[in-house]
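Undergrad: Single-letter residue listing:
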Amino acid sequence: MSTAAGTILPATKGPIVNRVEATSAIETAALRSDRFRLEREGEWKRLETILGAMEKGRLRRLSDDDVLALPALYRMAASSLAVARETSLDASTLAYLESLVQRAWFQVYGPRVGFYRWFGKFLGGKLSQSVRDIWLDICIAFAVMIAGTIVGWLVVARDQEWFYTLVPAEFADSRQPGASREVLLETLKVEESASGMSAFAAQLFTNNSSVCILAFALGFAFGIPSLLLLVQNMALLGAFLWLYNSQGLLPEFSAWLAVHGTTEFFAIMLSSAAGIHIGRKMAFPGRRSILSAASEAGQRGAQVMVGVVLMLIFAAVLEAFPRQLASTETRGLIGGFMLIFWLTYFFAFGRNREAEAA
Amino acid sequence: MSTLAYDPRSHRGRRQRQMVTPEGIALPLTVGARGSRAGALILDYVILLVSTVAIMIALFYIAEGVGLTGNFEEISGAGEFMIIVISLFWFIAWNGYFMAFELGPRGATPGKRVLGLRVASRDGGRLTPEAVIARNLMRDIELFMPLILLIVAPFGMAGLAGWGALLWFLVFMLFPFFNKDAMRAGDIIAGTWVVEAPRSKLAAALSTAGAASKGTSTLTGAAYKFGDEELSVYGEYELQTLERVLRDNRPEAQQAVAEAICRKIGWNPGAGDERAFLEAFYAQLRARLEGGMRFGKRKADKFS
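Protein chains in written order, with full-length UniProt numbering: chain A, 1 to 358; chain B, 1 to 304.
The following block holds chain A by itself, in its conformation from the complex (with noise of 0.2 Å):
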């Protein structure tokens, strides 16, 4: 087939004969563009081969020649679109070099990384990265769930009728204003056995991942829901925290909060804040386009999501475990270990390689 396309033919004197050792239909065709396709179709036809193994992800049963044929496959297909659109009226061939041509540029220029690769380097330094990136944004969040809890813990001092209000029916249980200090210590003890407890873990952690995708996505609406719904659950934290208080137990509340509650209030601070990244961006997209800063924020808010997800997988696990098999001092001890691990990991960890990089 070599001889078909591309190679190169010294000028003769005499009339022009067609050099290419022709197939029947070649000779048969009337058309020159029709010749031009016919000469041409076997390489196509290779390329479409190989380009239906490699969608279907069978890249293992394409030969060594194949693969490396590759390239050069494409380039030729593209060459001839460009030759064809010139030169043929033949909307079928044009029509089927064009989706040619578009398959195989999509495998060509589309060279994946391996799922491993990509995780490898996610979280050897793409995920602090990203989290450093929106560091106003985790301010603006942080300053938010501050305020929140303040908030919530002031509207219930002065008037206990809001900590119903706050505070949902089913988290209410036992703890509600006027409870005694033993019945509040009951929620907080330590559990003997930890049956259940995965179960417990696997739930929380489901449950935990869709609150913060929420608080992601709805981010897209200039952040302001996503604000929104930090503050309601920071107040109903301020609630709880007020009521603890007025028994004398925060730093037991605390310490049984921090087991968990380090990682997963982390990560719901980082998913608010991707979502308000987003906002802020798309808000104000300085010299770029809206769109390509909101596609810019929204891989970096990708990034963090894979973050969370993966944070709010420890926190379960912490919450089901540590917290409820663990004294008050071991439960502190931990919370505080795993907020100087995160702290570390996002902040400190791979500045050095990305100043050696600028």
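If you are wondering where the hints come from, they were derived from the structure by calculation, not from laboratory data.
Every residue gets a Cβ at the ideal spot worked out from N, C-alpha and C, and that includes glycine.
Watch out, some of these pointers could steer you wrong.
What the hints assert, rightly or not - Under the rule of at most 20 Å between Cα atoms (straight-line distance), these lysine to any residue pairs were calculated in the SDA-like manner:
{"hint": "1", "chain 1": "A", "residue 1": "45", "chain 2": "B", "residue 2": "198"}
{"hint": "2", "chain 1": "A", "residue 1": "45", "chain 2": "A", "residue 2": "82"}
{"hint": "3", "chain 1": "B", "residue 1": "299", "chain 2": "A", "residue 2": "91"}
{"hint": "4", "chain 1": "B", "residue 1": "299", "chain 2": "A", "residue 2": "92"}
{"hint": "5", "chain 1": "B", "residue 1": "180", "chain 2": "A", "residue 2": "289"}
{"hint": "6", "chain 1": "A", "residue 1": "45", "chain 2": "A", "residue 2": "99"}
Stated by the list, open to error - Every beta carbon over 12 Å from chain B, so not counted as near; a handful from chain A, in silico:
{"hint": "7", "residue": "63"}
{"hint": "8", "residue": "125"}
{"hint": "9", "residue": "132"}
{"hint": "10", "residue": "143"}
{"hint": "11", "residue": "150"}
{"hint": "12", "residue": "153"}
{"hint": "13", "residue": "175"}
{"hint": "14", "residue": "187"}
{"hint": "15", "residue": "250"}
{"hint": "16", "residue": "252"}
{"hint": "17", "residue": "328"}
{"hint": "18", "residue": "329"}
{"hint": "19", "residue": "339"}
Chain A is fixed; fit chain B onto it per the hints.
TA: The following block gives chain B in isolation, referenced to the frame of chain A:
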């Protein structure tokens, strides 16, 4: 020529975009039609729903088999394991289905594949995992929240706030209708779009055999030769319509077209040998038009 009145290209024209490859070739892309995208979405959710529910039922059977009851206090190890499997399975299936398929080499879920669509990066670069993740994290607010509110709000279950929220979320749901590239909110934040991924087969060359090749009918032996004036009445648009008629190979259509051409060029339409007549006319018209193309002269249609 009434059979030539319909041109599917003009309907698709508004969705055509150009992507320039590094070789400098303008590759046409067609933005996926909203209708086929909706069809793909429905198909995907049917597949997802049926398969996850089937697997859930199987999992519950197994859970019952290992002695799982509603009582969480005295739960067996196997039962607890089953709860974990069930809750994680549902979460992973519903969040991972779209991501896993769109990250594959075809860039499309089964539903999109059936309808000939794929996800592509809007800037012509490659489709990254981040983009696929970002576009699929938005499904909650684009589809599920509006649907829930659509069910809840009209019955007054959420009051005025429900109506407000419904309007708010309808903005996201109807987003693809308000931009020319039919992007949904997820596409915007991911920098992606959904384009048609046609897989056309290479049809046979038309000028290799029969009357197209020699100008002589194999059926009647009649030689069809057309003069310059006779061929000059039509342009590329008519040629491509004629190509479709020949490839479809429906006798009634061929007869009607042959009659219309004869009327136009002042021939006497025969009967029974329409295909040969059309093949010859097609080949000679195409030869003339392609000859003109080589000298930079193009004739778009019969009016030009």
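Undergrad: Next step is simple, just say for each hint if it's right about the structure.
TA: Each hint tested on the structure:
{"no.": "1", "hint": "45/A x 198/B", "verdict": "holds (16 Å)"}
{"no.": "2", "hint": "45/A x 82/A", "verdict": "holds (18 Å)"}
{"no.": "3", "hint": "299/B x 91/A", "verdict": "holds (15 Å)"}
{"no.": "4", "hint": "299/B x 92/A", "verdict": "holds (19 Å)"}
{"no.": "5", "hint": "180/B x 289/A", "verdict": "holds (16 Å)"}
{"no.": "6", "hint": "45/A x 99/A", "verdict": "holds (12 Å)"}
{"no.": "7", "hint": "63", "verdict": "holds (18 Å)"}
{"no.": "8", "hint": "125", "verdict": "holds (14 Å)"}
{"no.": "9", "hint": "132", "verdict": "holds (16 Å)"}
{"no.": "10", "hint": "143", "verdict": "holds (24 Å)"}
{"no.": "11", "hint": "150", "verdict": "holds (25 Å)"}
{"no.": "12", "hint": "153", "verdict": "holds (25 Å)"}
{"no.": "13", "hint": "175", "verdict": "holds (20 Å)"}
{"no.": "14", "hint": "187", "verdict": "holds (17 Å)"}
{"no.": "15", "hint": "250", "verdict": "holds (30 Å)"}
{"no.": "16", "hint": "252", "verdict": "holds (25 Å)"}
{"no.": "17", "hint": "328", "verdict": "holds (25 Å)"}
{"no.": "18", "hint": "329", "verdict": "holds (28 Å)"}
{"no.": "19", "hint": "339", "verdict": "holds (26 Å)"}
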